[in-house]
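> Chains as they are written, first to last, in the numbering used here: chain A, 1 to 147; chain B, 1 to 264.
Just so you know, the hints here were simulated from the structure itself, not pulled from any lab data. It is possible that part of the hints are untrue.
As the list claims (entries may be wrong) - A short, non-exhaustive set of chain B residues, derived as facing chain A with CB atoms under 8 Å: (1) Ser17; (2) Ile100; (3) Val104; (4) Arg127; (5) Thr139; (6) Glu173; (7) Val175; (8) Arg199; (9) Trp246.
Said to hold, decoys possible - Straight-line alpha carbon distances no greater than 20 Å define the calculated SDA-like cross-link-like pairs of lysine to any residue that follow: (10) Lys2(A) x Gly18(B); (11) Lys116(A) x Arg92(B); (12) Lys2(A) x Phe14(A); (13) Lys116(A) x Arg16(B); (14) Lys116(A) x Asn97(B); (15) Lys116(A) x Ala99(B); (16) Lys2(A) x Arg208(B); (17) Lys116(A) x Leu103(A); (18) Lys2(A) x Thr12(B); (19) Lys116(A) x Ala98(A); (20) Lys116(A) x Glu101(B); (21) Lys2(A) x Ala192(B); (22) Lys2(A) x Ile23(B); (23) Lys2(A) x Ile5(B); (24) Lys116(A) x Gly21(B); (25) Lys123(A) x Asp79(A); (26) Lys2(A) x Leu41(A); (27) Lys2(A) x Arg16(B); (28) Lys2(A) x Tyr8(B); (29) Lys123(A) x Asp98(B).
Computed from a prediction, not measured in an experiment: that's the story for all the values here. Glycine residues also receive a C-beta, built at the ideal position from the N, C-alpha and C atoms.
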Amino acid sequence: MKFLCVECDRQMVFEERQLPGDGTLAAAFRCPQCGRAVGLLTNPMETQLVASLGVKIGGTTIEPQPLETVRGMITTGRDDAFADGTRDPGPGIRWSTAAEERLARVPNFVRGMVKKIYADYAKERGLVEITPAVMDSARSELGLEGM
Amino acid sequence: MPLNIRTYHDLTEPDRSGLPGQIAAQRRRVAARLAGVGRVVAVMSGKGGVGKSFATAGLGRALALAGRTTGVLDADFNGPTIPALLHIPVARCALRNDAIEPAVSSDGVRCFSMALLLQDGRPLGFRGPEAESHVWRETLEAATLREFLADVAWGTLDRLLVDLPPGIQRFQELVDLLPAPPAVLTVTIPTAESRDAVRRAMQFAQERGAQLLGVVENMVDGPFAGDAGEALAGEFRVPLLARIPWHPSPDVWDGVARRMQRAS
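Isolated chain A, as found in the complex:
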């Protein structure tokens, strides 16, 4: 899927992704020449199809986690399936109380992986504290639907 600015005959460049949490996805693409932006809006079915392929519109900057699609998508997994529920977030990174409360609401089946992804995101950007705002940014930037 690509977008072309017909007037400028230039391929539009991915700029931003939003995951409102209702299964839909919004992505903005901008023409590098005239600056015009268009929005790609997918319905839950279309969003799901892309997610099922294990790819992310707009790409991602961090390495995929082991079984990332499986863990992110399965709803009937055992709470204690993985021994990573308390993975160390890494040196120099702390979680705010509000972020920890939000993380605690993530199903245990996927929580350890989500924690690692947020920690990697924070480390990559030189952040020392993970807050709900950081989690929101990570969700949009990394395309973490449902995490």
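For this one, chain A is given, so just place chain B on it according to the hints.
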């Protein structure tokens, strides 16, 4: 007046999404993970209930006991039985760097299965829109197969046996994911109905470039009559590796393992 626009393949500018590149990276990850695997062997049948998982587990155990490092990937995500057949207790999956450690049976067979992940008695459920779920569910199961291949620390193996569900869909997904088509071991029961269904599966595998290692005829001398094993072996010019009786002795798989090794 129609717009004179360039089409998809005319666009050559860098694309941050790079979806084809993401797919290619997934394939490279599979290839890298399986670089230490001597051979991938798909255990398949066009027919359900013929004992594919039973044969896979018996063969895996026999190979391991013969000193061959062996893994079993349980690709039947909706009816996973391999851990039970290998007597592997359900335990927490451990992570090591970029991969999940496989479970290991007391015989030394490395195994990964959906049975290790699911709640007891619950079917495999995926998050997503309920309506028209058939559109995306098979894609998700293909992604699951990819991650079971790429994200489990299989290590160095002589053989990785892949226990497929009935039919041909999962086999096609396996062919799509692997750098080269897997070898195929086919399981049938003696009946003409099984023969006809398994024939289609063997034909399908052959057309996709898979080497057919041979046929195992299961549940012989029981209530099922026929000669499906012999007929299929003759038709495809492959060995009939074994005729497994209704109540096989544990060592029956040793012979199958030896003959399969020779065939491959």
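> Hint by hint, note whether the structure agrees.
Evaluated hints:
no.: 1; hint: Ser17; result: holds (5 Å)
no.: 2; hint: Ile100; result: holds (5 Å)
no.: 3; hint: Val104; result: violated (15 Å)
no.: 4; hint: Arg127; result: holds (5 Å)
no.: 5; hint: Thr139; result: holds (4 Å)
no.: 6; hint: Glu173; result: violated (12 Å)
no.: 7; hint: Val175; result: violated (17 Å)
no.: 8; hint: Arg199; result: violated (32 Å)
no.: 9; hint: Trp246; result: violated (35 Å)
no.: 10; hint: Lys2(A) x Gly18(B); result: holds (10 Å)
no.: 11; hint: Lys116(A) x Arg92(B); result: holds (18 Å)
no.: 12; hint: Lys2(A) x Phe14(A); result: holds (9 Å)
no.: 13; hint: Lys116(A) x Arg16(B); result: violated (24 Å)
no.: 14; hint: Lys116(A) x Asn97(B); result: holds (12 Å)
no.: 15; hint: Lys116(A) x Ala99(B); result: holds (14 Å)
no.: 16; hint: Lys2(A) x Arg208(B); result: violated (32 Å)
no.: 17; hint: Lys116(A) x Leu103(A); result: holds (11 Å)
no.: 18; hint: Lys2(A) x Thr12(B); result: holds (11 Å)
no.: 19; hint: Lys116(A) x Ala98(A); result: holds (17 Å)
no.: 20; hint: Lys116(A) x Glu101(B); result: holds (17 Å)
no.: 21; hint: Lys2(A) x Ala192(B); result: violated (51 Å)
no.: 22; hint: Lys2(A) x Ile23(B); result: holds (16 Å)
no.: 23; hint: Lys2(A) x Ile5(B); result: holds (13 Å)
no.: 24; hint: Lys116(A) x Gly21(B); result: violated (24 Å)
no.: 25; hint: Lys123(A) x Asp79(A); result: violated (27 Å)
no.: 26; hint: Lys2(A) x Leu41(A); result: holds (14 Å)
no.: 27; hint: Lys2(A) x Arg16(B); result: holds (10 Å)
no.: 28; hint: Lys2(A) x Tyr8(B); result: holds (7 Å)
no.: 29; hint: Lys123(A) x Asp98(B); result: holds (17 Å)
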